[in-house]
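> These are the residues of each chain, in order.
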Amino acid sequence: MGILIGAHDRVIIQGITGGSGRTTAERMLEHRTPIVGGATPGKGGQRVAGLPVFDSVRQIVDELGATASFITVPPAFTRDACLEAIDAGLRTVVVYTERVPLHDTMQICACARGRGTLVLGPNSAGCVTPGAANLSDLNDANLRPGRIGIVSKSGTLTYEVIDGLNRLGLGQSTVVCLGGDPLIATHFADVLPLFDADAETDAVILIGEIGGTAELAAAAVARQMTKPVVAYVAGRSAPAGKRMGHAGAIIERGQEAAAVKIEAFREAGVRVADLVTEVAPLVAASL
Amino acid sequence: MRLYEHEGKTLLADHGVAVPRGALWPGMPDGPGPFVVKAQVLAGKRGRRGLIKSAPDRAACGREADALLAMRADGEPVAAVYVEERLDVARELYLAVLADRQRRAPLVLATARGGMDVEEVPDEDLIRLPVDPLLGLRPFAGRYLASRLGCGGDLAGQLTGVAAGVYGAFAEAEAELVEVNPLVVTRDGRLVAADAKVVLDDNAAFRHPERTARPDAGAGFEQRCAALGVVGVEMEGSIAIIVSGAGLMMATADLLAAGGGRLRAAIDLGGAVFQDPARLEQVVREVLRLRPSAVLVNAFFQLASCELLARGVAGALRAEDSKTPIVVRLRGRGMAEARAVLEPLGLPLREDLEDACREVLARGRGA
Numbered sequence: 001m002g003i004l005i006g007a008h009d010r011v012i013i014q015g016i017t018g019g020s021g022r023t024t025a026e027r028m029l030e031h032r033t034p035i036v037g038g039a040t041p042g043k044g045g046q047r048v049a050g051l052p053v054f055d056s057v058r059q060i061v062d063e064l065g066a067t068a069s070f071i072t073v074p075p076a077f078t079r080d081a082c083l084e085a086i087d088a089g090l091r092t093v094v095v096y097t098e099r100v101p102l103h104d105t106m107q108i109c110a111c112a113r114g115r116g117t118l119v120l121g122p123n124s125a126g127c128v129t130p131g132a133a134n135l136s137d138l139n140d141a142n143l144r145p146g147r148i149g150i151v152s153k154s155g156t157l158t159y160e161v162i163d164g165l166n167r168l169g170l171g172q173s174t175v176v177c178l179g180g181d182p183l184i185a186t187h188f189a190d191v192l193p194l195f196d197a198d199a200e201t202d203a204v205i206l207i208g209e210i211g212g213t214a215e216l217a218a219a220a221v222a223r224q225m226t227k228p229v230v231a232y233v234a235g236r237s238a239p240a241g242k243r244m245g246h247a248g249a250i251i252e253r254g255q256e257a258a259a260v261k262i263e264a265f266r267e268a269g270v271r272v273a274d275l276v277t278e279v280a281p282l283v284a285a286s287l
Numbered sequence: 001m002r003l004y005e006h007e008g009k010t011l012l013a014d015h016g017v018a019v020p021r022g023a024l025w026p027g028m029p030d031g032p033g034p035f036v037v038k039a040q041v042l043a044g045k046r047g048r049r050g051l052i053k054s055a056p057d058r059a060a061c062g063r064e065a066d067a068l069l070a071m072r073a074d075g076e077p078v079a080a081v082y083v084e085e086r087l088d089v090a091r092e093l094y095l096a097v098l099a100d101r102q103r104r105a106p107l108v109l110a111t112a113r114g115g116m117d118v119e120e121v122p123d124e125d126l127i128r129l130p131v132d133p134l135l136g137l138r139p140f141a142g143r144y145l146a147s148r149l150g151c152g153g154d155l156a157g158q159l160t161g162v163a164a165g166v167y168g169a170f171a172e173a174e175a176e177l178v179e180v181n182p183l184v185v186t187r188d189g190r191l192v193a194a195d196a197k198v199v200l201d202d203n204a205a206f207r208h209p210e211r212t213a214r215p216d217a218g219a220g221f222e223q224r225c226a227a228l229g230v231v232g233v234e235m236e237g238s239i240a241i242i243v244s245g246a247g248l249m250m251a252t253a254d255l256l257a258a259g260g261g262r263l264r265a266a267i268d269l270g271g272a273v274f275q276d277p278a279r280l281e282q283v284v285r286e287v288l289r290l291r292p293s294a295v296l297v298n299a300f301f302q303l304a305s306c307e308l309l310a311r312g313v314a315g316a317l318r319a320e321d322s323k324t325p326i327v328v329r330l331r332g333r334g335m336a337e338a339r340a341v342l343e344p345l346g347l348p349l350r351e352d353l354e355d356a357c358r359e360v361l362a363r364g365r366g367a
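These protein sequence lines map, in sequence, to chains A and B. Start counting the first sequence at 1; every next residue gets the next number (my numbering). Start counting the second sequence at 1; every next residue gets the next number (my numbering).
Keep in mind the hints are simulated off the structure, nothing from the lab. Note that the structure is a prediction, hence the values are computed from the model and not measured. Every residue, glycine too, gets a C-beta built ideally from N, C-alpha and C. Incorrect hints may appear among the rest.
A few chain B positions that, by computed beta-carbon distances, are all more than 10 Å from chain A [said to hold, decoys possible]:
#1 M28
#2 A96
#3 M250
Just so you have them, the derived chain B footprint on chain A, three or more residues with Cβ under 8 Å [as the list claims (entries may be wrong)]:
#4 200-212
#5 230-240
#6 274-280
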């Protein structure tokens, strides 16, 4: 079952006629993600990888019952693409595009909240329920269906954690990547309750990082959860004032330092891995 | 991109916010003195740094300007000097609009205790008002702020206008932050923005072609990395890491730190891994030129090819004729091809992250 995305969904790609959209569509077809088509304004009537292309999202909703979208269009077009997906009533939207203007993202967030759409990103690697549907750039070959939920700020670090889980024979229920842009639509605290309520998830991994305060809100939610949570906060060795790759990963004030976040997690009963390689063993021990 | 004070004030004035009469030295504002002479730097806390002076007349302004132009703030040279009429201050407020990451919306921050660092204002004296970006800052929000800030009568109307102007500047210029501190109430009952701190969103620059990008201060390692499309961070230690993604970069740094290693540099390759090997080669060469004790290349690819990165490393080693020990850990597509590229150079391909970290720590120590 998992959360946010499943076999029952009907997936579309906005920007399917671009290079990234096309390869994502081919990959989804190869691994049986329930993709039904794509949208690119002005390219309606074309086909990509055998899939129909529409001019507007609402047309795919009307004709093919689309429920979820993967958006990979240039930053200048991302706001309109995402607002269109929200307005058409899609349930889950991944904004794969990175470096989306801040004010565009804030408008997306306000609109999504009003309509009840869950938007991941910008700069999100997406979400995937292994074996059911893959709305992400994660390679299906590296995923195993299972009962561990993952919610992460970072894409690449998620691959590492999944690799560790696989080696211990632990599969994943759903993997959710929140996105690396400084301001993102969905936070840990929004996703954790979904995992707690999911009958197919036994434990949750949270992969945070320095910068921002989302991990502190997550700790408050984790305190209320019935399922075990294991957290890792990347960048504890980073010097203050240095921006560490993700635009958001910079320690500017005390609240954003790794030590503060780790302490908040520990107080909330969350097990904290000091190193990324310790995450999977800690999860195994918490089951 | 940060704006200098005088640029920020022009932005505010364009949105109907009153600012002091001012001019860039050697220009002078209209009207008699006294004046305030202000160094234009991007660094904060100018008052405490001695970068803001008073002067009674034009001659004194000139003396202060000459002195300020020779000064620096944390190494940053003074770009210009701005001369303003000195305000007759009755009260100092604080008003800012910023993009709040936690609330995912614009947030107005305000306090009647302006002038000081806002972090030092007690929580109960700080007004936080989220704004729905789809609605904008409406007059009712201005009235709420006026009432909370103790601005009655004519001042309430002025404050509503200032709040709308500051928000308008924030939204239209696509800023991360517009901060007015202090927002001065003059003895004759006017509301005037005595300072302006504006940070613009670089990701929105394409919509503001009139905005000329400021040449980045310095031409160091981090700027050269940015020019190559990757994020480079220069530090004081000895080991350099080149990693496929920001999260994995930080996690790799943590692993090395736990093993006693200190970083000389860290690179997040980001999207550059999908580009040509020539660019990857340039990135690796930049790292080698920092003369690290050892280099760890660590990539876990889902879509990109390991071979491309391997070719970049091999090309850089040849071009720089470098003897720097390199440990390459790659996972993902194209591993066999990557191995074929690297092994003739005596670089065995590592797959396990912890093994690779241990090895680079040992090689960095000369083992």
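> Hint by hint, note whether the structure agrees.
Right, here's what the structure says about each hint:
1. M28: Given a closest Cβ separation of 37 Å, the condition holds.
2. A96: Given a closest Cβ separation of 15 Å, the condition holds.
3. M250: Check fails; 4 Å does not lie beyond 10 Å.
4. 200-212: Held - the segment 200-212 of chain A has 4 residues with a Cβ nearer than 8 Å to chain B, which meets the minimum of three.
5. 230-240: With 7 residues close enough to chain B, the hint holds.
6. 274-280: It holds: at least three residues are needed, and the segment 274-280 of chain A offers 4 whose Cβ sits within less than 8 Å of chain B.
Taken one by one, the earlier hints fail for this structure only at number 3.
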